[in-house]
Amino acid sequence: MAGAVHLLTTAGLCKSFGGVRVLSDVSLSLAAGEILAICGENGAGKSTLVKLLMGILHPDNGAIAIDGERVVVRGPQHAQALGLGFVAQELSLAPRLSIFDNIWLGGADVPLLHRTAQLRRRAQVALDALNAGDWNLDQPVGELSIGQRQIVEIARLFARNARLLILDEPTATLTDAEIERILGVLKSLRSQGRSVIYVTHRLGEVFALCDRVTVLRNGEHISTDPVAAITRTELIERMLGRSVGEMYPRASARAASGEAVTVERLNVPRQVRDFSFVAPCGKILCIAGQIGSGANIVTRALAGLVQNATGEVRLNGRLLPLGSVADCVARNVIFLSEDRAAEGLFHQMRVVDNLVASSLPRHARLGLLAWPALRRLAGRLAERLGIDKRRLRESATHLSGGNQQKVLFGRALRESGSCVLLMNEPTRGVDVGARADIYRLMRELCDQGFALIIASSDLEEVEGVADIVVTMYRGRAVARYERGEIDIGRILADITHPTELAQAS
Amino acid sequence: MSQLALWRRPLGAVRAVAVVALALTALSTPGFLSEPSALSLITTVSFIGCVAIGMTLITISGNIISFSLGALVGATAMVFVLAVNFGGVVFAFAAALTFAALTNALQGLVIGAMRANPIIVSIAATAIIYGVAEAFAEQGTIYAAAGTNYGIFRGKMLGLPIEFVVLLGATALAQFLLICTIFGRNLFMTGSSFAAAEIVGIRTWRTVTGAYLWAGLFAGLAGVMLAMRYDSASMSYGMGYEYDAVAAVLVGGTAIKGGEGSALRTLIGALVIAIIEAVLLLWGFRQEWQFLIAGVLVLAVVALQTRGRWD
Chain A
-10 MAGAVHLLTT AGLCKSFGGV RVLSDVSLSL AAGEILAICG ENGAGKSTLV KLLMGILHPD
50 NGAIAIDGER VVVRGPQHAQ ALGLGFVAQE LSLAPRLSIF DNIWLGGADV PLLHRTAQLR
110 RRAQVALDAL NAGDWNLDQP VGELSIGQRQ IVEIARLFAR NARLLILDEP TATLTDAEIE
170 RILGVLKSLR SQGRSVIYVT HRLGEVFALC DRVTVLRNGE HISTDPVAAI TRTELIERML
230 GRSVGEMYPR ASARAASGEA VTVERLNVPR QVRDFSFVAP CGKILCIAGQ IGSGANIVTR
290 ALAGLVQNAT GEVRLNGRLL PLGSVADCVA RNVIFLSEDR AAEGLFHQMR VVDNLVASSL
350 PRHARLGLLA WPALRRLAGR LAERLGIDKR RLRESATHLS GGNQQKVLFG RALRESGSCV
410 LLMNEPTRGV DVGARADIYR LMRELCDQGF ALIIASSDLE EVEGVADIVV TMYRGRAVAR
470 YERGEIDIGR ILADITHPTE LAQAS
Chain B
15 MSQLALWRRP LGAVRAVAVV ALALTALSTP GFLSEPSALS LITTVSFIGC VAIGMTLITI
75 SGNIISFSLG ALVGATAMVF VLAVNFGGVV FAFAAALTFA ALTNALQGLV IGAMRANPII
135 VSIAATAIIY GVAEAFAEQG TIYAAAGTNY GIFRGKMLGL PIEFVVLLGA TALAQFLLIC
195 TIFGRNLFMT GSSFAAAEIV GIRTWRTVTG AYLWAGLFAG LAGVMLAMRY DSASMSYGMG
255 YEYDAVAAVL VGGTAIKGGE GSALRTLIGA LVIAIIEAVL LLWGFRQEWQ FLIAGVLVLA
315 VVALQTRGRW D
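Chains as they are written, first to last, in this note's numbering: chain A, -10 to 494; chain B, 15 to 325.
Mixed in with the good hints, there may be bad ones.
[What the hints assert, rightly or not] Which chain A residues face chain B? A few, computed with CB under 7 Å, are given here:
id, residue
1, P65
2, A331
3, F335
4, Q337
Don't read these hints as lab results, they were simulated from the structure.
The C-beta atom is built at its ideal place from N, Cα and C for all residues, glycine as well.
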């Protein structure tokens, strides 16, 4: 691309909020038909950079140029007119409206009555270009899978002639097959000369898809390299600013002390069938399954969150009633949801309130709280979790995704005694640095005698962290592997098309 | 994070300027500081204030507002008068407050356990309360029998009308509940995120029922005080109080979507509204204008609250 005018150039972009530098001196360039990955931990400045490009925020310093011409992006509508398009992490589609309506929803140059033959044709062209030409334009978006909706979002930008597509963590909630499809779509966009900025945590996708990769750390532009010239380890080290060492700490030699949880014939109508397993103390048991396999329902049922679950669950030999969260919590069975925003954090409340949320009854007498004791507890928890103690009084919304997950983790920590920790997708949306912290904490809990039961669709994580893996396919257990037998290939085969089940049915 | 900080600061500034401006206007309005004017102001604010304190708990619990608190005030006043005629003052206190707390807790139970829409439930409850009251008091107003003696409750304490002292006590109690008890913390958590509260092990239906029970009790106090002041009761006594209470909660700065707020803020909100209304009255505005101004004030506060939450 030497000599060619770049589609997008930024020079020395800076942005501060209230004296805190969140982005300093970012200079990038992007050619037509190029995919640029932007990597960095949470809080590295990725979102700020995207917001500057889309005109949602305005830079304190520095300039943006499109086709070599300096522009001031006034706002999202203006960015759209300039040929920039953005797909946010949370999709912004109206589920009751059709694919066609959604494609033109909010478009700057769409006439009042948008159901014209010409716009219909353009919408069809957009779907064709994304290998989705056979979709019915009049189907309500609510009937599509998350992956398909992602493609509608991309079609929306395509139809509006966006030459540069900015995607923020597009694959965070997708299954492997859906991810493949999105990657395919993006590659075909590239071959048509469109450019993509791809913000992601998933390093696999950086190497599979992107041409170059830019690393941001604490708002600084660390490096931009062709992906061919950088290794995975180098990339992680640049994001962290230190060497990684071992991402997944080994299990300590401490022998597990007996069976913590035995589950017999757990059933949830249409979701889980006759699922049985034993989870020992001091070990991490992973239930591996794709989205929709029911793995995340098993943990929810054990936490008392599924009203119509049946089966016999015993905790340390004593029966654990299903269907009551409060009873489970009282017996130290703690659940952490994969949906931190909706089912985890109390956003308006302070970090300290969030940390001690499930410890209140233990620090109260006749319903009156002992605040000094609670504050001391929160201080000790923050120390163990690696959260800055000065942030305890801040609102929890202000924390990064990784720190938020640590706070939720903190609710399960006990100063003495042990419990069962149930987790779904424990590191979804968590950056590499905080991820290592969370795995370390998980091991600490094991040493304390906890039983950890994790539902995960991230196979790399399953292989790295599990002592025992139970694979799951369409609501049934497929196989159980102990450490040493765990093999990513066999797990993948189990959870996608298990041979035994195929024969049985 | 910085977005939040950015919108909070102008809001804080707006608040400070508004309060100072209001204080200056009030103090420079002739007659504002005269004893009758001041007394009538803080007495009126006492009734609405108690309802607003109750409303605060409902708002924090994530159930927006209850329309039935005004009707509950009138009904409690009637229960009080009937009970005074039947069994004396102490009995009447117990009967009226129990009635208020249980009537409202029942609504809380329906909302908390069945997850019914709180607004609809409160509208239905309002209709039921008015309907039942109709049967008990066909002629509208019922009067306390002559010779009933609760004169001590009509006096003053520390130079303040006893009603206002009750309001201060109610505010302190509600604030204590919110900050120092498990119930209070559960209330904030339930209001902040219902799903997250369930996962933490909070029995949310109990928390919601508790919020309504206390709200009924605080609103009931207003009913009892009105009945004592006028030696009589009618359903018109609490009419419209729910709107004034909502205004006080919002102007005080409790978030309409739940999960944050305080009783102290509501007390300030109630005082601010009462002062504005008193000043308007002294300036010679008719009462319709007061309604208008209160409406505009609430809209402005809601608009300011909502602005920062878009992204």
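- Identify every previously stated hint that the structure contradicts and give their numbers, smallest first. Hint check: 1 fails alone, others pass.
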